[in-house]
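Peer 1: Residue-level listing of the chains:
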Amino acid sequence: MFAHMKIYLRLQAANLRARAMYPLNFTLILVSVAFFGMTNIILTWVLTQKVPIIAGWNLYQIVFVMSLWRFSHGFFITFSQQIWNLEYLVREGVMDRFLVRPLNPMFQFFAMRIQIYGFGDLLAGIGGLVYAAPHIGHWNVQKLLLLVVVVLSGAVIEWALMTLLGVSAFWTLQSGGLMGLLDTLLDQFSRFPLSVYGRPVQIVLSFVLPISFMAFYPSYIFMDGMEGPPFSSVLVYASPAVAAGLAWLAYYVWRKGLNAYQGAGS
Amino acid sequence: MNAYLALTWMSFKNRKVYKLNVFFRVCSSVLLIVVLREIWTAVYGSGASGLTVTLADMLTYSVIASIIRTLIPSDFHYDISQRVQTGDIVLDLQKPWSYLAMTFFRTLADLLFGLVYVVIPIAAASLLLFPIGVPTGAQAVWFVLSGLLGYGIAFSLTFLVGLLAFLFTEVGGFGMIKSTILEICSGAMIPLWLFPAGAAKVLELLPFQGVFSIPISIYIGKLQGAAMWHGLELQLIWAASLLALAQVLLVVFNRLLVTTGG
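Chains as they are written, first to last, in this note's numbering: chain A, 33 to 298; chain B, 195 to 456.
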């Protein structure tokens, strides 16, 4: 474990140095990712000037849920955006390299690089949380600790879902389209809390593609005076379990995929 | 002129190679339409007073906005940046034709491609699943004209971002800032009439509303008569000035361009 961490830090320090080569573009992208992440906050502010309560949610509550999602998403982007490159690495035969080294291939794959632009999403997320948090309920140390657990669970859920789709590249050699679709889905449905949508959408996003456990359900833990969530109030605390289950599934399918991987001939 | 149209046709045929991509583009658009419809239905259910137009008009607004979104050229600045990095840009600039026009006719292929392979399926789907109003007669003609002017504005904005590659090589950050401003200020997500009065006044002077707000308002019949003429006039002025600015900057930046290879 300790050895893994040491290797990880070494690799990422090298990554950071490589990134610092174009400081202007680096800073600009960081700022613009953060700005882009705040678009929905601005648009929601505009809308709530006309309609203060949308489907029972006020501005601060809506911003809290979308920022909670964006914060988790920031961790996902930073530490595992690499999954987007899997199809390319499979096609080019780079995966061969990971299989012959004496370390877990999955660790090697994700340690290859972190995506620093994820910091922009983290900035936007933390900005929205700080803006909304004081207005939605009372805070104490327990709740802050729970918030950490929720954020990490959210990041693991997105990681697991993306990995499940990305791993299809081992068989089909292309997974970008599928992942792009999930990305659009996450992007669009994180605009507003799940209560806004009709029953069919709620069922799909809770039990088929459980992205609502990233932010929507756990957000009830932190909001005072809200009616219970759709379906059952047990779901509010289910995020860590959902994350663990999906992570196990993703790792299992990853292993299957590695076995199916045939390398690239030349 | 023939050479430019040939370029459009060639790029059009190239696009056809990526069939799966088209499928996912259609899926993304339909998804966006579904999300927006649900959101607006919920918003109108929470209090419709002060929202200016009817829910039916607002739903039509979202469908047309989602379609325009897939049609406008928004990311060819990456291609320009790529060609500056590799040095291939020199080949484009040496050719005996206008680089601005060449880029325009190349992106026109995307518009044609989108109209045939993306808009028709979406339009069919939305007529079947969620019927929307369709303008007729003169209103339809003015909508198409307004849409084309909006296309010109969107093209110029992306081209200007692409030109920055002549100075900075990498332009991903600038492109993202442009997209964010367009998303907020154009009426792509929220119509300008729902903005606070002061902000709306400012946004009505900027070019961004010409891409989404003006054409869609003509479509749903919110802009009519003198107001519509004013809108079209504004679009024309902005499209012409941005294109002129692009041409001037192209000449200036061309002198500053330093690149390798070729």
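Since the hints were derived computationally from the structure, they do not count as laboratory data.
Every residue gets a Cβ at the ideal spot worked out from N, C-alpha and C, and that includes glycine.
One should not assume that every hint holds.
[Unchecked claim] Here are some chain A residues pointing at chain B (derived, C-beta under 8 Å):
1) 73
2) 110
3) 266
[Said to hold, decoys possible] Derived coverage of chain A by chain B (criterion: at least 3 residues anywhere in the stretch with Cβ under 8 Å from a Cβ of chain B; other residues may be distant):
4) 74 to 80
5) 179 to 187
6) 226 to 238
[Claimed, not checked] Pairs of lysine to any residue residues, derived as SDA-like cross-links and limited to a Cα-Cα distance of at most 25 Å, are as follows:
7) B:395 <-> A:75
8) B:416 <-> B:336
9) A:82 <-> B:416
10) A:82 <-> B:375
Peer 1: Next step is simple, just say for each hint if it's right about the structure.
Peer 2: To see whether the hints hold, each was checked on the structure:
no., hint, verdict
1, 73, "violated, 10 Å"
2, 110, "violated, 17 Å"
3, 266, "violated, 25 Å"
4, 74 to 80, "holds (count 4)"
5, 179 to 187, "violated (count 0)"
6, 226 to 238, "holds (count 4)"
7, B:395 <-> A:75, "holds, 17 Å"
8, B:416 <-> B:336, "holds, 13 Å"
9, A:82 <-> B:416, "holds, 19 Å"
10, A:82 <-> B:375, "holds, 21 Å"
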